[in-house]
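Enquirer: For reference, the chains in residue letters:
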Amino acid sequence: MTGRRVEVGGAGVDRARPIGFRFDDVDREGLAGDTLASALLAAGVDVVASSPILGRPRGIVSAGSEEPSAFVELTEPWFDPIVAATTVELVEGLAARGRPGVGRLPTSPPPERRARHVHRHVETVVVGGGTAGLEAAEAAAARGDRVLVAQDRPWWGPAIPDPEAQARAARLAVADDVTALASTVALGVYDDGYVVLLERGGDGRDRVWHVRAARVVLATGATERPIAFADCDRPGVMLAGAVRVYLERFAVLAGQRAVVFTTNDGAYPLADRIREAGGEVVAIVDVRDDGSGNAPPVSGIEVLRGWAVAAVEGETRVRAVHLVGPGGRRERVEADLVAVSGGWMPSLGLYRAIGGGLRPDERLAAFVPDGSGPPWLEVVGAAAGEGLPASAPFWYTPAEDLTRHVVDLQRDQTVADVLAAVEAGLRSVEHVKRRTYIGTALDQGRTSGHLVAEIVNAALGDPLGAQGPTTARPPTAPAPFTALAGVDRGELLDPVRTTPIHRWHVANGATFEDVGQWKRPRAYPRPGEDLEAAVLRECRAVREAAGVLDASTLGKIEVVGPDAGAFLDRMYTNRMSTLPVGRIRYGLMLGLDGMVVDDGVAMRLAEDRFLVTTTTGGAAAVLDRFEEWLQTEWPHLRVYCTSVTEQWAVVAIGGPLAREVVRAMGTDVDLDASSFPFMTWREGTVAEVPARLCRVSFTGELSYELHVDGRHGAHVWEAAIAAGEPYGLTPYGTEAMHVLRAEKGYIIVGQDTDGTVTPDDLGMGWIVRTDGSDFLGRRSLERPDARRPDRRHLVGLVPVDRSTLVAEGAQLVARGDADGLGGRPAPEPVPMLGHVTSSYRSAVLGHPFALAMLRAGRSRHGEVVDAVAHGRSVPCEVVPPIFWDPEDARRDG
Amino acid sequence: MLQIPCPWCGPRDEVEFRYGGQAHVAYPEDPAALSDDDWGAFLFFRDNPKGPWRERWVHVAGCRRWFNAVRDTATHRLITTYRLDEPPPELP
Ligand SMILES: [Zn+2]
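Protein chains in written order, with this note's numbering: chain A, 1 to 893; chain B, 1001 to 1092.
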């Protein structure tokens, strides 16, 4: 217990306001204004956590977000799996425990921070609320800019309180058009002045700010470098600047007997501060012996020039310090604190991630911005190298054994590990990083990165600064997923689309399936029925009586204009321009590569007007495709396309008794097959509302699709249910629809096809016109690859045992090839012949069946192949992909 | 995230747009007249320069119109945008 609160300093804490908190199950007290780290230091806690690989004790190293060591899990007042204690504002009731560099998820849902997202446009964003940041913000505000200035710490101005900066912050806080955000870290600066910031509210609420700015000013300050020596990871070895911050801001003296170990003048004033606070300074150990530097004399304190710290003693706290001097002289001194300053590095993570370049600065022994980067970006203050002390280039104290010279405290990696990586042939710091994992922990190597680069430079015999530190990538600080998600979670994750009939489905026990954003009834299980039983019952009803399906989600596009027919001819493989008004035609749409991308029907509503339907999931993509070609290739075609998906509700009634059901609903349309045949549509009224009746069928049964105004959807559905009751009309869902269409051999684009399937592969060569006129994808169908006889073809499969349901996705191999999978190792990989795309039990066939894509499948009808999945193979007979009513008598009836 | 000046709507966030690949690759007048190699070149091959080039975008969450842009692939800076009926600007 060597840290303690002292009487001097403490401008950032309120001594009159104690704050109770709990650390590692012990109740403690800090002060308002403390961070968890300063409160722990004040309470004399040396060991905060342990290191992730070696389990070595870990104390507090820094006073900011660069902290590489003191990681904790917060449990109260909210949960954070892992966070640096130096960045946690102390609040009443806070509870935390040390974590060894990796977080863990709680077993029960933790108290959660709420988050929302805010969008802003400003002229100037300033990242950093220290002296330079406040100056830049005030100057921009004076120009009349809207300004957003963010400071990652809870306070404004430099960490060591400065009255002038505080007065400036106070003016900004009340200035017009200035948004000043404390406790807010810029996660990333992106193209064209787009900045994403995370505000961690002390009230447990997070805000993610998305800001577009004309100008971004980075006043991100500088970070002090450590120096590696033996056991430099022991608690009690701290950055000198941090020791000073704890003293002057928090009134915490981090140790009683200090050694100040420095490469620069910047650490000298610390010695006086420690003594003023009642501590002892054993010595200032300055690596410089060449007369450089102009440090003010510190009275009564020994300055050892040309010396370095070689090692420390002590397990959980520094007890003694070993020094090495000119000519190899050695000395041992009693001390409990080593305040280290290896020089200062401009903090340029954000600058580099957006493309800013660096140049080495010999005076600072550090990297500064080289003036490149986007024109809207500016770097000011210490981040630009201003006001930083000149430093000797000194990265680690030389020694025979470098295996305890820890460089990356969160990865337990040493100078020896870096040199081993170079020895192994790695020449780039990026590669060294990937071998050692240095810089991949939570702190992204903010303190260690530069050391590693210079150790590599030296090991390769390259000059100082030949390679810089690895590029840090956004987010610059750990950001909780709850914050990034904001309110986009649960029900709000994605918009939900429901049909006008949705309420009936819910009220009648439907289970739902997500199709894109749509909720579609999957099936309507009755009490006691599982999904499979419900689906088989629904299928049987459609085959033997009649079923009704809510098909409102079908994509619908009106294509209007004098050239509508000519346009659709180019988009579909078959000719739409010759379609008479009143008729319907099925169409396939291909990619330019000749592969099937969507299907649907086109209804000609008038000479210059078509209604095109698409798959439920493909509606937006098809409309986009229409627009792309109309705008970019054929702007001379007089065509307009309008999505009408949600304007029309579609009630599809199918089955041998479908005609009777529609008639019973009441209609003025003559339903007789001779006047209203398959693939035609008629206009009239059904159930007393205007309707478009379409004779199309996706089940292979006699079917009527009733297209009505969306507002009439529920009415027409309920009218069908009521009128169909005597006929056994049964509502059915997407699962039964899938079975029924597969029995009929009708494909589902995206299930039976995967972007590598031509119309001919599907046995649908009949739909591809051969009159020589062009359509999208036509030329590709003539490429040699599209004409290979051994392409995969759509086939049907029937398990030989007529009872096993094969798995969708099962691989097809030649009979016998799968034997090796039964336990014996297969002698070599067996040729893959194809895969199962759809597989179902059937209510009417008496056996399960499947659709599959099979190499040269049309020439294999009658053969047996093995369908392999989940470690077993199922012999299946290859049959034509149509199981039901091949003559189409039922459909056309 | 880029800020893209739509020629019709003005500057908007990149999330409102979709990328459309290289610009000025016209669909062949008569695809049937092309050799397999020429059709393959049209279908599968695009330029991939380091530096400024012309590319297509569509403002899907805005006016839904296609337009062209000049963007530097090395710096990811969008240099200009122009309408489909405007002549392509010289590359810098
Ligand atoms: Zn637009």
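I should point out that these hints are in silico values taken from the structure, not numbers from a laboratory.
It is possible that some hints are incorrect.
Far from chain A, by Cβ distances over 12 Å, these chain B residues were calculated [unchecked claim]:
#1 Met1001
#2 Tyr1027
#3 Ala1032
#4 Ala1033
#5 Asp1047
#6 Asn1048
#7 Pro1089
#8 Glu1090
#9 Leu1091
To spell it out: a stretch of chain B is covered by chain A in this simulated footprint if at least three of its residues, at any positions, have a beta carbon under 8 Å from a beta carbon of chain A; those stretches are [claimed, not checked]:
#10 1055 to 1068
#11 1072 to 1083
It should be emphasised that the depicted structure is a prediction, and the values quoted were computed from it without experimental measurement.
Even glycine gets a Cβ: it sits at the ideal position worked out from N, Cα and C.
Enquirer: With reference to the structure, classify each hint as holding or not holding.
Expert: Hints, verified against the model:
1. Met1001: violated, 5 Å
2. Tyr1027: Violated, since 5 Å does not exceed 12 Å.
3. Ala1032: violated, 6 Å
4. Ala1033: Non-interface label on Ala1033 (chain B) violated, nearest chain A Cβ at 9 Å vs cutoff 12 Å.
5. Asp1047: holds, 18 Å
6. Asn1048: Holds, because the least Cβ-Cβ distance between Asn1048 (chain B) and chain A comes to about 19 Å, which exceeds 12 Å.
7. Pro1089: Pro1089 (chain B) is indeed farther than 12 Å from all Cβ atoms of chain A, at 18 Å.
8. Glu1090: Correct as stated: the minimum Cβ-Cβ distance to chain A is 21 Å, above 12 Å.
9. Leu1091: Leu1091 (chain B) is indeed farther than 12 Å from all Cβ atoms of chain A, at 19 Å.
10. 1055 to 1068: Our answer is that it holds, as 6 residues pass the Cβ test (under 8 Å) against chain A, meeting three.
11. 1072 to 1083: holds (count 4)
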